[in-house]
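*Asks:* Order-wise, the sequence lines are chains C and E.
Going by numbering that gives the first Met the number 0, 86 is the number at position 87 of the first sequence; the sequence numbering is gapless.
Going by numbering that gives the first Met the number 0, 268 is the number at position 269 of the second sequence; the sequence numbering is gapless.
Keep in mind the hints are simulated off the structure, nothing from the lab.
Don't take every hint at face value.
[Stated by the list, open to error] Here chain E is said to cover these stretches of chain C; the calculated rule only asks that three of the stretch's residues, wherever they fall, bring their Cβ under 8 Å from a Cβ of chain E: (1) 15-21; (2) 76-90; (3) 93-101; (4) 272-283.
[To be verified] Restraint ranges, calculated between C-beta atoms of paired labels, are given here: (5) E:Phe304 to C:Lys281: 43 to 51 Å; (6) C:Leu131 to E:Pro298: 33 to 41 Å; (7) C:Ile280 to E:Phe20: 54 to 62 Å; (8) E:Leu32 to C:Val176: 31 to 39 Å; (9) E:Glu214 to C:Gly264: 36 to 44 Å; (10) C:Thr115 to E:Leu32: 53 to 61 Å; (11) E:Leu281 to C:His57: 42 to 50 Å; (12) E:Leu32 to C:Pro90: 50 to 58 Å; (13) C:Pro90 to E:Arg170: 51 to 59 Å; (14) C:Ile280 to E:Glu214: 44 to 52 Å; (15) E:Leu281 to C:Thr115: 21 to 29 Å; (16) C:Gly264 to E:Leu243: 19 to 27 Å; (17) C:Ser179 to E:Arg217: 42 to 50 Å; (18) C:Arg210 to E:Pro298: 27 to 35 Å.
Built from N, CA and C at the ideal position, the CB exists for glycine as well.
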Amino acid sequence: MEFLLQLVVNGLAVGSIYALVALGFVVIYKSSGVLNFAQGELLLVGAYAFFGVAHHYHAPLWAALLVALVFSIVLGLLIERLILRPMIGEPVISVIMVTLGLAGILRAVVQGIWGTDTRTFPTSFDTTPFHLGTLPIARGALLSFVIVAILLVLFSLFFRTSRHGIAMRATAFSQQVALSMGISVKRIFALSWSIAAVVSALGGILLGALRGGIDGSLTTLGLKAVPVVILGGLDSIGGAIVGGLVIGLIENLAGGYLDPLLGGGVKEVAPFVVLVVILMIKPYGLFGKVRIERV
Amino acid sequence: MRCGDFRTSYSADMAIFDSTFARVALVVVIAALAALPLVGTIYWLDVANRVGIAVIAAMGLNILTGYTGQISLGNAAFMAVGGYTTAALAARGVPFYLTVPLAGALTALVGMIFAIPSLRLKGLYLAIATLAAHFIVAFVVVHWEKLTGGVAGITVEPPRLGGFAFDSDHRLYYLILGAAIGHLFFAKNLFRTRVGKAFVAIRDHDISAEVMGVEVFRYKVLAFGVSSFYVGIAGSLFAYQARLISPESFPLDVAIDQLAMIIIGGLGTVMGSILGAMFITLLPEVLRLVTGSLGHTFPALVHLFASLKLGVFGLTIVLFLIFEPDGMAARWRRIKAYWKLYPFSY
Numbered sequence: 000m001e002f003l004l005q006l007v008v009n010g011l012a013v014g015s016i017y018a019l020v021a022l023g024f025v026v027i028y029k030s031s032g033v034l035n036f037a038q039g040e041l042l043l044v045g046a047y048a049f050f051g052v053a054h055h056y057h058a059p060l061w062a063a064l065l066v067a068l069v070f071s072i073v074l075g076l077l078i079e080r081l082i083l084r085p086m087i088g089e090p091v092i093s094v095i096m097v098t099l100g101l102a103g104i105l106r107a108v109v110q111g112i113w114g115t116d117t118r119t120f121p122t123s124f125d126t127t128p129f130h131l132g133t134l135p136i137a138r139g140a141l142l143s144f145v146i147v148a149i150l151l152v153l154f155s156l157f158f159r160t161s162r163h164g165i166a167m168r169a170t171a172f173s174q175q176v177a178l179s180m181g182i183s184v185k186r187i188f189a190l191s192w193s194i195a196a197v198v199s200a201l202g203g204i205l206l207g208a209l210r211g212g213i214d215g216s217l218t219t220l221g222l223k224a225v226p227v228v229i230l231g232g233l234d235s236i237g238g239a240i241v242g243g244l245v246i247g248l249i250e251n252l253a254g255g256y257l258d259p260l261l262g263g264g265v266k267e268v269a270p271f272v273v274l275v276v277i278l279m280i281k282p283y284g285l286f287g288k289v290r291i292e293r294v
Numbered sequence: 000m001r002c003g004d005f006r007t008s009y010s011a012d013m014a015i016f017d018s019t020f021a022r023v024a025l026v027v028v029i030a031a032l033a034a035l036p037l038v039g040t041i042y043w044l045d046v047a048n049r050v051g052i053a054v055i056a057a058m059g060l061n062i063l064t065g066y067t068g069q070i071s072l073g074n075a076a077f078m079a080v081g082g083y084t085t086a087a088l089a090a091r092g093v094p095f096y097l098t099v100p101l102a103g104a105l106t107a108l109v110g111m112i113f114a115i116p117s118l119r120l121k122g123l124y125l126a127i128a129t130l131a132a133h134f135i136v137a138f139v140v141v142h143w144e145k146l147t148g149g150v151a152g153i154t155v156e157p158p159r160l161g162g163f164a165f166d167s168d169h170r171l172y173y174l175i176l177g178a179a180i181g182h183l184f185f186a187k188n189l190f191r192t193r194v195g196k197a198f199v200a201i202r203d204h205d206i207s208a209e210v211m212g213v214e215v216f217r218y219k220v221l222a223f224g225v226s227s228f229y230v231g232i233a234g235s236l237f238a239y240q241a242r243l244i245s246p247e248s249f250p251l252d253v254a255i256d257q258l259a260m261i262i263i264g265g266l267g268t269v270m271g272s273i274l275g276a277m278f279i280t281l282l283p284e285v286l287r288l289v290t291g292s293l294g295h296t297f298p299a300l301v302h303l304f305a306s307l308k309l310g311v312f313g314l315t316i317v318l319f320l321i322f323e324p325d326g327m328a329a330r331w332r333r334i335k336a337y338w339k340l341y342p343f344s345y
């Protein structure tokens with residue numbers, strides 16, 4: 000029983016970070032129809048920007064966080080303007096490929112500056128566990144879960160009430176209608192890329208603090224977000240959150256119970272098995288907009 | 000040299016090589032390729048072998064993605080299926096002239112199984128389904144230790160024909176060259192047939208294709224099959240060339256490289272598969288030469304080589320997509336068109 004609860008807690012903690020990264024995916028897909036395979040690399044760059052400022056300039060953590068976030072905003076704007084805007088109207092495969100190329104460039108820059116060794120993160124969560132009844136819970140897991148929950152609430156408020164958030168939803172609904180209502184669709188695309196970069200950077204920093212160190216393997220989070228968004232529906236923000244938590248849970252439970260039977264590695268493959276099953280029975284996910292087209 | 004299209008019959012219009020010049024050029028190129036081992040060093044022959052394998056794989060992916068319009072990110076997994084089939088069969092003493100086609104056939108079967116989601120999925124969703132295929136095959140490869148040797152990998156004996164062993168890069172070169180030429184000819188011919196035209200119709204508009212009597216699902220599965228057959232052959236030859244294959248021989252980057260080949264080369268062209276495969280395989284080699292020669296003046300470059308390789312790869316893809324979205328094959332056609340009427344091109 001305790002083992003099960005432990006797995007559930009860990010799964011929810013990791014799942015909340017998946018939800019954050021998946022949110023970036025969904026925001027970009029919803030507004031511009033681009034599936035961003037460089038999401039994991041945005042996470043990597045954000046985490047290393049934080050690390051770089053805090054480690055090399057000995058800046059206080061809040062300053063490093065601020066610099067990393069501003070840097071992510073600018074990076075998102077630059078990527079949209081320089082790389083994605085010329086691709087408007089190109090076939091799906093070209094757009095997929097351009098984000099894969101972007102992923103290569105970002106990874107190369109990080110590798111070129113900081114190398115491939117694991118770097119100790121300047122901050123990490125208190126490792127003494129916190130007791131809920133008899134169940135020990137890692138403080139880091141709890142804290143990251145709470146932080147992510149707050150962020151997700153803030154983002155939902157942003158999409159529901161703020162002018163820009165509503166403009167983004169209008170663009171997602173129909174670009175033509177949005178344009179005719181005086182919304183600058185280009186600005187919305189740019190905004191969605193900076194939001195994606197920011198949430199990824201936050202995810203990267205949280206993950207770094209949770210693990211105590213960062214290296215190139217952070218980019219695998221970008222691929223993990225793919226099953227998440229497919230489960231939740233590619234164009235549903237609520238779906239990204241639910242999907243993130245569910246995939247985090249499934250991954251940990253499958254890892255905990257099936258690893259001894261199958262000899263390890265189940266954790267990595269379980270989300271993708273789920274992915275195939277969902278694609279077979281409900282391709283637009285739990286909350287995605289269904290487009291019916293029969294051939 | 001001819002200066003325009005003067006065709007008077009359908010058979011002339013359908014010809015694979017439409018002028019004597021093209022036929023002569025082809026013979027000259029093949030002869031030059033056959034003579035390469037006489038002048039090349041072992042290192043460059045190894046590179047040439049890798050180019051040949053990449054050409055077959057890229058052609059396979061191009062049949063699926065370029066001609067049929069179905070995006071696949073699962074090619075590394077399909078290569079792994081081909082490679083491991085070869086290794087497992089070769090270890091049981093099956094001769095290579097059986098292992099290679101069997102590897103292709105089994106990969107074709109696996110590819111057709113993963114094609115079943117394509118009944119309901121297209122575009123992005125299909126790309127994601129094939130991505131899942133990659134991770135599932137990788138998991139199976141690591142865990143089916145009896146057959147694959149697990150993480151440690153499995154060694155492959157060089158192919159033998161009677162007493163003759165293809166045990167050096169020189170000898171393997173002819174095997175790979177022959178396979179590449181055969182597969183390219185088959186692809187070139189495929190798109191003059193009913194099946195090939197059905198593929199192109201599905202790419203251009205699947206609903207119209209269905210209305211015109213093309214059974215979309217059947218031909219999509221067939222396209223996956225043909226494409227995976229090519230990729231399986233490439234994987235099989237790769238196993239013979241590398242001699243040792245392990246799960247690390249088939250990372251996701253292999254699939255990304257092959258997508259880059261056909262996009263940079265040109266989607267839906269045979270020439271594009273060749274040019275793209277050459278370009279992407281030779282890019283790191285050229286980069287190695289450049290950093291090697293500059294290494295004395297800028298020693299930092301040698302340490303940065305790995306990230307430089309990745310960065311240049313990414314940058315090339317991005318720049319190609321922005322400035323030459325139709326790929327090198329389109330540029331090649333434009334160069335040919337320019338010289339066709341030279342010096343009176345207007």
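*Asks:* Indicate, hint by hint, whether the structure satisfies it.
*Replies:* Outcome of the hint check:
1. Counting residues of the stretch 15-21 of chain C whose beta-carbon sits less than 8 Å from any beta-carbon of chain E gives 0, not enough to reach three: the coverage restraint is violated.
2. Counting residues of the stretch 76-90 of chain C whose C-beta sits closer than 8 Å to any C-beta of chain E gives 4, which meets the bar of three, so the coverage hint holds.
3. Check result for the stretch 93-101 of chain C against chain E: holds, 7 residues qualifying (beta carbon to beta carbon below 8 Å, three or more required).
4. Coverage of the stretch 272-283 of chain C by chain E holds [criterion: at least 3 residues with CB-CB distance below 8 Å; count 6].
5. Between E:Phe304 and C:Lys281 the beta carbons are some 46 Å apart, a value that agrees with the proposed interval 43 to 51 Å.
6. In this structure, C:Leu131 and E:Pro298 break the distance hint of 33 to 41 Å, their C-beta atoms being roughly 56 Å apart.
7. For C:Ile280 and E:Phe20, the Cβ-Cβ distance of about 56 Å falls inside the hinted range of 54 to 62 Å, so the restraint holds.
8. Take E:Leu32 and C:Val176: their Cβ atoms lie about 57 Å apart, and the range 31 to 39 Å is violated.
9. Take E:Glu214 and C:Gly264: their Cβ atoms lie about 39 Å apart, and the range 36 to 44 Å holds.
10. The hinted range of 53 to 61 Å is not satisfied by C:Thr115 and E:Leu32, whose Cβ atoms lie roughly 38 Å apart.
11. In this structure the supplied range 42 to 50 Å holds for E:Leu281 paired with C:His57, their Cβ-Cβ distance being about 45 Å.
12. For E:Leu32 and C:Pro90, the hinted distance range of 50 to 58 Å is not satisfied, since their beta carbons lie about 33 Å from each other.
13. Between C:Pro90 and E:Arg170 the beta carbons are some 42 Å apart, a value that contradicts the proposed interval 51 to 59 Å.
14. At about 24 Å, the beta-carbon gap between C:Ile280 and E:Glu214 misses the expected band of 44 to 52 Å.
15. Range check, E:Leu281 to C:Thr115: Cβ separation about 25 Å, and the 21 to 29 Å hint holds.
16. Taking the beta carbon of each, C:Gly264 and E:Leu243 are about 21 Å apart, inside 19 to 27 Å as hinted.
17. Between C:Ser179 and E:Arg217 the Cβ separation comes to about 43 Å, which falls inside the hinted range of 42 to 50 Å.
18. At roughly 33 Å, the beta-carbon separation of C:Arg210 and E:Pro298 lies within the given 27 to 35 Å, and the hint holds.
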